[in-house]
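2 protein chains.
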Amino acid sequence: LAQGSLADVRRILLKMEPADVAHLLASTPPRHRQVLWQMIEGELESEVLNELNPELRLEFLSGMEPSDLAQLAATLDDDDVADILQQLPDRVTFEVLDAMDQQDRSRLEQVMFYADDTAGGLMNTDTITIRADLTLDVVLRYLRRHEEIPEMTDNLIVVSRDDRYVGLLPLRTLLVSDPSHSVREMMETRQAPIPVEMPDDEVARQFERNDWVSAPVVDENGRLVGRITIDDVVDVIREDADHSLMSMAGMSEEEDTFAPILKTARRRTVWLAINLVTAITAASVINAFQGTIEKVVALAVLMPIVASMGGIAGTQTLTVLVRAIALGHIHQKNQLWLVQREAMVGLINGVIWAAVVAVAASLVFDDWMLGGVLAAAMVINLITAGVSGALLPLALERLRIDPALAGGVILTTVTDVVGFLAFLGLATAVYGT
Amino acid sequence: LAQGSLADVRRILLKMEPADVAHLLASTPPRHRQVLWQMIEGELESEVLNELNPELRLEFLSGMEPSDLAQLAATLDDDDVADILQQLPDRVTFEVLDAMDQQDRSRLEQVMFYADDTAGGLMNTDTITIRADLTLDVVLRYLRRHEEIPEMTDNLIVVSRDDRYVGLLPLRTLLVSDPSHSVREMMETRQAPIPVEMPDDEVARQFERNDWVSAPVVDENGRLVGRITIDDVVDVIREDADHSLMSMAGMSEEEDTFAPILKTARRRTVWLAINLVTAITAASVINAFQGTIEKVVALAVLMPIVASMGGIAGTQTLTVLVRAIALGHIHQKNQLWLVQREAMVGLINGVIWAAVVAVAASLVFDDWMLGGVLAAAMVINLITAGVSGALLPLALERLRIDPALAGGVILTTVTDVVGFLAFLGLATAVYGT
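Here the protein sequences line up with chains U and X, keeping their order. Start counting the first sequence at 1; every next residue gets the next number (our numbering). Start counting the second sequence at 1; every next residue gets the next number (our numbering).
Source of the hints: derived by calculation from the structure; they are not laboratory data. Be a bit skeptical, because a hint or two may be false.
Same chains, same names: a pair is fine if it fits in one copy or spans any two.
Below 30 Å or equal to it, Euclidean Cα-Cα: the simulated BS3-like pairs (lysine-lysine) are [as the list claims (entries may be wrong)]:
hint, residue 1, residue 2
1, Lys333, Lys15
2, Lys333, Lys263
3, Lys263, Lys15
4, Lys333, Lys295
5, Lys15, Lys295
6, Lys263, Lys295
Just chain U, same shape as in the assembly (with noise of 0.2 Å):
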């Protein structure tokens, strides 16, 4: 990219397909990304920045002026510029209603109404629907008047007169079907609708569950709305599973790999404050047993690996958890199972490691007692690290907090202050101050 002249990229850019410019896009660096966007233009930018990730897309956005946004808008689907104005200020999103034509805006609102992590969040109102009582034959003719279909449609909706929703009909049945037969013989009623308000992570998982390609949305009363397909899901999922694993490291699933240097730095110091705390609370932990240290230096060299063994046995089962819950797969009942199984196997796992750790200690230090006390140690806390690694994120949940989010920060706390308190503690029991 460096070597070849300007005008060779561009050429070679407006060949590229969408997708791989929007990608090429995340892959670069802050300085090369604005030179490389100037050069995109016309239809090209409007796809392109249907394919980017929300940060990005975000930057680019609010460069341009309201009147570019509006005519940009028309040639995106629905949700997605929902989403674009939804993260733009107020002013400029009124701009842009206020530049597009009545049909689009009216048409935009619906779908602006609705949560963006819920159902009608996602929807495209591009349904193609028909009446139960008509034959196929005169189906495949009104398909026939369409200048196209739109994109990812496996099933026509069958809606009643009063537009709610009456069944599915597969266009895999309609072309091997018999074109005599009416809609209401060959439909499929088993798929139930999705309701404007599920959340979108039960929306991925009925997709997921259920291998659908699209599926229609309903209201409260029973009215198609729009349907969702499942390219949206795709995207819901990635999130989300992306939101899992960087939140344990107290990021968002959105962050740009290349974001500049003083943005990245302003974002991670948030986190490493909130850790500072954790660490500060550790340390007053060892401060109060200053004296025992000084009497047995060992002990400072030895307290690190009870509250480790700790923090990484109580990681685990977070981690567990924390999947578990974004799968769906914690209920009530199976809950109090699952903490009896995480105590069982914190003992199971201290009992062998406090063993190994313990008579290594006593070995080098030349203190069974050092030893005795090391094992305990690691025993008690890795017990709590499975119990508190599996209660912490129910709790969160509960509390309506992100368990990948603040989950892993609090169980160090605990781990570390529970392992310095056992270690040092029983310490002082046994040597005095």
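With chain U fixed as given, assemble chain X onto it according to the hints.
Leaving out everything else, chain X in the frame of chain U:
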């Protein structure tokens, strides 16, 4: 569940969708799980198996007879059967293959020939192919002769006389076009077919970028061998994302949330053992500075802060890189930029928090020298964390070691060792032993 009689449970089970039964099994602790599984019979059994996560599926299957397995296999998708057979012991696999009819066997052997994590392992052989010289009218009549069109068929695949891939005819196009046109006139040739050896994560990226529902798979001679559908791709996306999350805590993405106690303990213990090595390495660094700690006990209080801040900062960088590698955002050209950025971010955040902590420590312990040593050690450790958090996954990736799995342990070892070494080393230089 616990209250109702078994007959009630059974009646409810048999009315549920297979995907919902699979979800129920995955959310149930082991004892009840076996009871539920016993109740599922006939066709439902194979459909539920198809929806189960691999670990659970294997558990249920390993209790079955080869002849039952062969019968089961006939009702599942090729790629799923191939996956299952590859996990079973070779002896059982051969018995199952022997018990199958000729046609099933040869189709299956074709899919099993390819590795599970390539396009070949993901594909099904249920394609509908047509010739380019037909008219759409003939195609429509040809389709009507089918009993049914395979699920997730959004395109008919156009092939030449010798089975080479030529293009795609979307059903959407077929339904709205003039039936007198030829396939050649209306087909899409822009979508490149997927080579059978393409890794599954690359297949998933292609699907995500291009919003495909299905895609044709060709061998090295351009001959059509099958097609991949979005439902299997969604599983790959979910598994890959899961893999990053679970690996960071030393677990497998196939880990069953409700695995029994001993199985769970055995699996987790390996990771604890590996981390114990880390912890002991860090402890031996501290051990070398016993003299200094005896002189200034405050060092023992403050040293975990240095190590933990380094660990957190490094984990953030590592997580960003692991995700970027999984998304395919990293190339030769942008690596250096990333490493430099992470070093700068480490420097900036290091200076900020070093200043805060140093002032606080100086006041608490009434020793400005101690604050200075702490600040210097923190800056050194945060820069190290940034650089090694970025370099490590890149290096591991090049060595074909999974960065999500190995990265965390090595990184913590580095930040612990550098943290303790910098802090205690500088302290020794300042205070003497």
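- Query: Which numbered hints are broken by the structure, listed smallest first?
  - Reply: Failing hints, ascending: 3, 4, 5, 6.
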